[in-house]
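S.K.: Line by line, the protein sequences give chains H, U and V. Residue 184 in our numbering sits at position 184 of the first sequence; the count goes up by one each step and never skips. Residue 523 in our numbering sits at position 152 of the second sequence; the count goes up by one each step and never skips. Residue 890 in our numbering sits at position 237 of the third sequence; the count goes up by one each step and never skips.
Check each hint, because a few of them may be wrong.
On the chain H side, residues computed to face chain V include the following (Cβ under 8 Å) [unchecked claim]:
id : residue
1  : A165
2  : V237
3  : V310
4  : M322
Straight-line distance between alpha carbons at most 27 Å, and here's what the computed DSSO-like set of lysine-lysine pairs gives [as the list claims (entries may be wrong)]:
id : chain 1 : residue 1 : chain 2 : residue 2
5  : H       : K166      : V       : K679
6  : H       : K166      : H       : K121
7  : H       : K298      : V       : K840
8  : V       : K760      : V       : K840
9  : U       : K477      : U       : K563
10 : U       : K477      : H       : K13
11 : H       : K180      : H       : K166
12 : U       : K432      : U       : K599
13 : H       : K27       : H       : K64
14 : V       : K679      : V       : K733
15 : V       : K679      : V       : K840
16 : H       : K166      : V       : K953
Keep in mind that the hints were calculated from the coordinates and are not lab data. Every residue gets a Cβ at the ideal spot worked out from N, C-alpha and C, and that includes glycine.
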Amino acid sequence: MSLELTEVVKSFKDDLVLDGVTLTVDKGQTLVLFGPSGAGKTVLLRLVAGVIEPDAGRILIDGKDMRGVEPEYRGVGMAFQNFALFPHMSAMENIASPLTARQLGASAIRSGVDALARLLKIDHVLTHYPRELSNGQKQRTALARALAGQPELLLLDDPLRNVDAKLRFEMRLELPRLLKSQNATVVYVTQDYKEAMALGDRIAVMNHQGIQQYGTPEDIYMRPAHSDIARLFGDPVINLLDVVPERSANDVMIRLSGQPLTIGEHYAHTVSMPCVLGVRPEAVQFADEGTPGSFPVKVEAETPLNEKTVTLMLTAGNREIMMSRPAGTPGPATGTAHITVDLHNAVLFDHGTGTLIESSNSKTGLHGEVA
Amino acid sequence: MSPVERVLRGLAITLVILFFMFPILWILLMSFQTNETILRVPPSMVFEPTLINYRSLITGKLQTAAGSLEIQFMRNLWNSLLLSTSSVAVGLLLGVPAAYAFARLKFRGSEDIAFTLLSFRFAPPLLVLLPLTIYFQQIGLANTYIGLIWVYQLIVLPLILWIVRGYFEDIPADVEYAYRIAGHSWFATFRKIALPLAKPGIAAAGLLAFIFAWNNFIFALVLASADKQPVTVGALAFVTASGIQYGQIAAGIVLSIAPTFALAIYAQRYLVEGLSLGAVKG
Amino acid sequence: MNQPVLHLDRVDKFYGEIDKGVHAVKNINMEVMPGEIIALLGSSGCGKTSTLRMVAGFESASRGRILINGREVQTLSPVKRNVAMAFEGYSLYPTVSVRDNIAFALKSSTVDATETGRLVEEMAEMLEISAILERFPSSISGGEQQRVSLARALIRQADLYLLDEPMGQLEPQLRTLLRSRLKYYIKSRNLTAILVTHDQTEANALADRIAVMEDGELQQYASPDQIKERPANLFTGTFVGEPPMNVFPARATVVDGSVQFELAGGLALRYPEAEFQESVRQQIIELKEVVLGVRPYAVKRREDGAPAQVMVNQWLGDQTHIAASFADETIVLVEHDRVRLSDGDTIAIHLEPDDLHVFDPVSGRALSHGRSMA
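In isolation and in its complexed conformation, chain H is listed as follows (with noise of 0.2 Å):
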C-alpha cells in the first residue's frame, strides 16, 4: 500500500504544527521520520492514522482520499511510543484486539495471536496484565499488536524510546526482517538517527513545521541540506568552522587555522563568501609536525565514545574541535599535538542561512589537496 500526503496542514489553535507538508512512501517501504521532538512528527502519524483530521491538504492510502474515512476503515496498523496498551485486558487480548474487530472465530483468533507472540518471544506471557510485563514485554505486546491485523501500512511511533539501551539495540537489528516479514510499507518515527539511518529506506528529516531533507540514508549523512541536520546526524556531533574561501594563484582554497587546503574550482562561487565547513570528528587525524596543511591543537580532553576515542581539542584561535578514531589507536591524551583534516567528505554551509552549497560540478566534492 503506497502512501502519498500532499500539501497537508494542520494547527492545534494558535499553533502551527505541520505547514503544507508533502511526502510519497511507495509500497513496501520504510520511511522514517526524523526530527527532534516538537516537530510534528507524531502529528503527521494520526493524521495518516485518521484519529486527527488536517486542516486542509489530501491524504491517499493506496491512491484513496481519506478525508472522512473513519480510522478503523483505513486498515492501518499503529504502535505507540508509550504503548498505550489497554490496561484492564491481558496481553492476548490487548494483541488480538485487530482480529475481534473482524469477527474472527476463536480459534483463528488463537492461532493468529499465538503466531505473533511466538515471532515476538512473549508467549510465555500471553495471560498477564500489562501491569505485570517489563518494559521490553510491553514494547513487544504493543508491536504484535499493531501487526495483528496484518495491516499493509504501519505507523511506528517511536517504538524503542521506552526501552532500555541494550533492547533499543536488540530490537534496532530484529525490526527489519520483521517489517519484512510482514510485507507492509511502514512509516517509523525516531529521534535517534542510528535507528533512522539503520532503518529507513527513505529518511524525512522533519524541523520548522516540515520536511527539511528528504533522502536515502546515505544522502543525508553525506550531504546534508543543512548545518542543523548535519548537527542530528553523527556522534559526536560534526565540526562546524568558520571559513572563507579565496582564491589562490590558480585554484579556489580556504585556510584551518592559518593552513591553506585547495577546495577546487568547482566552488569559485564561494570566493569571499562567509561559510561554515562541516567536517565529521572522524575526518581529523593527528600527523606530525611539519606534516603539510597540518596545524598544532592544544589537547584537551579525551573521553571514549562505544570503541571510539574522543578527543576536543583547542586550536590556536580558540576554536574548539572534535576528533573522533576508533579506540585503541595511539595519540597523545594532553599538551600540545599536530591534526590534519580530511576534507573529502566534508560539506560547505552558507553561513547566514546554514543551507548547503553545491559545487558547480555536481559530481565533485571539495578537493581537499594541500596549497
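Given the coordinates of chain H, assemble chains U and V onto it according to the supplied hints.
M.R.: Chains U and V only, in chain H's frame:
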C-alpha cells in the same frame, strides 16, 4: 518502624476514630433506649436495651407521652430509596455519555455548556423551586415521582458529569486511538475501553450522587406531599407537640444511614480496584 | 596513601523496617579517592540513586558508616556535609532567572558580587546556556533546565560533587561535546565527583572508575577498561558494552592437544592448548559446560573462520553493525568502516582466544579473560 512508634501510631489512630465515630456510636446506643433513659442525668452507657423504638417505626405508631401518633416512616424510607436510586440511575444514564462527550469532543461551546450545568449548583434551591412549583402544577408533575426524579437531576447530574469527565480525561487518548485503529467503532471504544477504565470514577460519582440525593430535604419538602416524601422530610414528624422523641429519632437515623452505609462499603471495592489498576497511565 | 574523599563502609539501605523492608542497597563497600570521577551505573531500581541520596544526606543509611574526608556524616544534615548536588528533577527556583538560580549557590559563601558574576558567565559559556541567563526556568527546555541545575552544583566549592543523571535530558548533539568539557572542567580543577547514570556511554566517557550496580549489590568497581576487558561476571559483561557482548553456551573439551568449544548447531571452535594458561585450561575443562562471551568489536572476519549467514547489515555513518546467524544464535559484529553485505551472504567468523571471556553458566562468575585467569 520501631515497636514504640507502632504503638504510638495505633494509639493516635484509635483516638481519631473515637473522636469521629463517637456521635454515630452514641446514636446507635440511643436507638436502643427509651426517651427516659436517654434524658436521665448524668448520662450512662449502662442501660437495658429495648427494641421499642424500632417496633414503633416499623408499625408506624409513634409513642409519645401524650399517646400514640400515626407516622409513615417506612413509607418515607421506601420513598428515599426509590427517589435516590432512580435519580442516580437516570443521572448515570445521561451523565456518563455526556461526560465522555465533554472529555473527548472539543466542540464549540463545550466548556460553556459544561460550566452552565455546574452553575445549577450555584443557585439557591429555594429560588429555583418557587417557579418550578408553579410550572409543575401546570403540567401535572407536582407531587409525582417522575417530577421529583427530574428535579433531583439538578443535584445528581452536575456531580456525575464533572467527576466522570475528569476520569475520562485521565484515560490517555492513545489508548482509545489504539482501539479505533485496531478496527473498532467509536461506540465499541466507548463501551470496551472508556467505560471499563472509568469504572472507579463512575462508582465514586454514583455513590456521591446517591448520598447527595438521599440527604436532600428542600426539593421534596416543597414539591411532594406526605405520601411521596423521603425520610429527610418525614423525620420532621418526630418533633411532636409533647416533645422530641429522641429514641425514635435515633432509630430512624440508624435505619436511614444503613442503605448509604451499605452502598459505600460495596462501592469501596471498585474505588480501591480503580487505584490499583493505576496502569492506565504510561 | 591519600585519605579517600568518600568511604562507604558496609552500607545497607532498607525501605521500611530493617531486614524486613525492601533491601535497596546491599552491603556496599566503596572508596572514592581525591580527584576521581566515579560513575554509579545500573538500570532503574538497582540502588544507585539510593546510594547517592545517602551520601548527600537525603536518606539515612540503615546500617554501616559513611565517611567524607574521614569524618562520619550519618548524623549530619545535607548542608553540613559540604557536598554539591545536581538533581535529576532539576529542582530550579521557578521565581528567579537562570542567572540568579546559578548565582544563588554562592550566596552564603565569601565570594563577592563581581566574582560571582564572572563565575556564572564562565559556567554558562561552558554549558552553552549563556543565551538563556535572563530567562525563567519555566520558559526553557528540559535539556536547558538540566544544564542550569548542573551549573548550580558545579559553581559551588565542595568536597564532593554529586551529579544525578546530569545529561539524561540533554539534546543528543550536545552530549558528547558537553561531556568532554565537563570532564576537562572537573579534571583541571582536581575536583572529586560521583555521577549516577543508567547510560553506560556517559559512564565510560566521564568516569575514572565505574561502580556497576544491580539488584542493590555492587557487581564490579573498576576502571572502564578493566570492566570492558575483565568483566567480573556475566551480568557486568553483558550490561556494559555497546553493542552488548555476544554470548554462547558451549561445551569445553580437550581434543588432540586442542581446547575445543562445542557450540550449538554442531559448530566447534578449536584453539591450540598453548593458547591458554595451564590453570585456565584446567578450570574450563573441569567445568565442561561454560558460557563464551565475545565483544562485537572483537569479532573478526577471516577466511579460515567459521561460517555465519548475514541477517542484518546496518550502516550508521561512522560504523557498520552486522548481525549474522552463527551456531543457532545471533552474533553481532561491528566494523569501523562501511561494509556492504546483503541478507543471506555467508561470512567467515574468527574469534581470537585473546578476546574470549569464559563464564560459569551457573554462578555467572568469570573464569578467564583471553589467555589468563579472571
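S.K.: State for each hint whether it applies.
M.R.: We went through each hint and held it up to the structure:
A distance limit of 8 Å between C-beta atoms decides the matter here; for A165/H the minimum to chain V is near 7 Å, and the interface restraint holds. Interface hint at V237/H: satisfied, since its Cβ lies 4 Å from the closest Cβ of chain V, which is below the 8 Å cut-off. With 8 Å as the threshold, the beta carbon of V310/H comes within range of chain V, its nearest partner Cβ sitting at about 6 Å, so the hint holds. Below 8 Å, beta-carbon pairs count as interface contacts, and M322/H has one with chain V at about 7 Å; its hint therefore holds.
Restraint check for K166/H and K679/V: satisfied, since their Cα atoms lie roughly 25 Å apart, inside the 27 Å limit. A C-alpha spacing of about 16 Å is found between K166/H and K121/H, which places the hinted pair at or below 27 Å, so the restraint holds. Taking the CA atoms of K298/H and K840/V, the gap is about 15 Å. The hint holds against a cut of 27 Å. Distance restraint check for K760/V and K840/V: the Cα-Cα separation of roughly 25 Å lies within the 27 Å cut-off, and the hinted pair is therefore satisfied.
Straight-line distance between C-alpha atoms of K477/U and K563/U comes to about 22 Å, which keeps the hinted pair within the 27 Å bound. A C-alpha spacing of about 11 Å is found between K477/U and K13/H, which places the hinted pair at or below 27 Å, so the restraint holds. For the hint linking K180/H to K166/H, the alpha-carbon distance of about 22 Å falls within 27 Å, and the restraint holds. For a cut-off of 27 Å, the pair hint linking K432/U to K599/U stands: about 19 Å separates their Cα positions.
Of the supplied pair hints, the one linking K27/H and K64/H holds, its CA atoms being roughly 14 Å apart against a limit of 27 Å. Taken as a hint, the K679/V and K733/V pair is honoured in the structure, with Cα atoms around 26 Å apart against an allowance of 27 Å. For the proposed pair K679/V and K840/V, the alpha carbon gap of about 31 Å is over 27 Å, so the pair is violated. In summary, the hint linking K166/H to K953/V is supported, as the alpha carbons are separated by about 22 Å, within the 27 Å threshold.
Checked against the numbered hints listed earlier, the structure breaks hint 15 alone; every other hint is satisfied.
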